[in-house]
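Novice: Sequential numbering of the sequence shown, starting at 1, is according to the working numbering.
Hints should not be assumed to be uniformly reliable.
Derived lysine to aspartate or glutamate pairs resembling DMTMM-like cross-links, with alpha carbons at most 25 Å apart [claimed, not checked]: (1) K370 x E85; (2) K14 x E51; (3) K370 x E346; (4) K282 x E51.
FRET-style restraints, in silico, Cβ to Cβ [said to hold, decoys possible]: (5) P287 x K315: 43 to 49 Å; (6) G163 x G117: 16 to 22 Å; (7) E85 x K11: 21 to 27 Å; (8) K10 x E202: 20 to 26 Å.
No lab work stands behind these hints: they were computed from the structure.
In this text the structure is predicted, and so the values were computed from the model without any measurement.
Glycine is no exception: its CB is placed at the ideal position from the N, C-alpha and C atoms.
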Amino acid sequence: MIQIREVTTKKDLKAFVHFPNALYEGNPHYVPQIESMERDTLTPAKNHAFEVCEAKYWLAYDEGNRIVGRVAGIVNRKYNEKTGERICRFGFIDFTDNQEVSKTLMDTVERYAKEKGMATMCGPMGFLEFDTAGVLVEGFDQLPTAYGKYNAPYYERHLTRLGYVKDVDFVEYQILVPEVIPERYERMSQLVSVKNSLHQAEFGSRAELEPYLDGVFRCLNMAYSKLHGFTELTPGQCNDLKRQFLSNINPDYVSIILDTNEEVVGFGVALPSLSKAMKKAKGSLFPLGWLHLMKALRKNDTIDLLLIAIDEKYKNKGVNAMIFNKFAKGITKNGIKFIESTRELEDNTSVQNLWHYLEHTLTKRARLYKKEIR
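Make a model of the complete structure from these sequences and hints.
Specialist: Set out below in structure tokens:
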């Protein structure tokens, strides 16, 4: 018989975070998450997402008192207020291939949702748009990006048997960088710049980049306002993201587009791939995990495309070409051979059209599920 226990102590939380790393130990396609960072994400005192969210976590144990599953229930009050819906998110879900385990976990989250007055389950999702979302349904032979997540093929079967149906899909592409970037990107970038009176922000270091970040977050909040699952970031959440990414950012892979008033109207951010380094780190920064990550940031043949956002006034005006043209300079300078697009909604053609003139392959697909529990 499967027993469920709520996570209430630091020891419980440590076990909750460690479980997937243990479950997939030795799997060549699994990228272990850095456990200390995961614990911070799940700790209210260390994550400003709890300004607008509340959550509970549970672990499932078998008859031998072994952990066989985990799940979180999350209510994002701000998102529900914005949409007028009553959604409970389920996330951070992992389990062994045992239908009793997955059913017990999801029954627990659904009871929590009903206690909170929710009417719909949706997930897997985290607190915010930037947390890993979706169940991998295609691409099990691929190494995920550090911002995606591997899961075994049986997850989809378990959830559908429990009455969950597709909500939306996310897709990921691998783009092969040619020896010479097509000149059309440079020409299009110049044309868009002149036609719309836009220009690239100039910066050569993280310190010179930092003054633009408030404008970047304003642009992001506006551009993402209608995206599935997104809620406007609070100042505290913006500061969390600054701390998370600024120390790792390479200015060669950041494009910030300004108008004539020096206001941010678009931006793009990519990072050197950390997937292989995180595999070597095995879930810990110490003693040598941090060294693997630093090496990956300095020398790499792959970059992960994290974010692209464009002000509504400039949508469909080719600003993406300006952003990619800046990336192209960094790609050429640093000998990048591959670009990995992180999870993007399957109908996000404005970003996918960037790869129209380059060799690209859809490598992974992840799915969000929903279920009415009225």
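Novice: Quick check: which numbered hints come out false for this structure?
Specialist: 4, 7, 8
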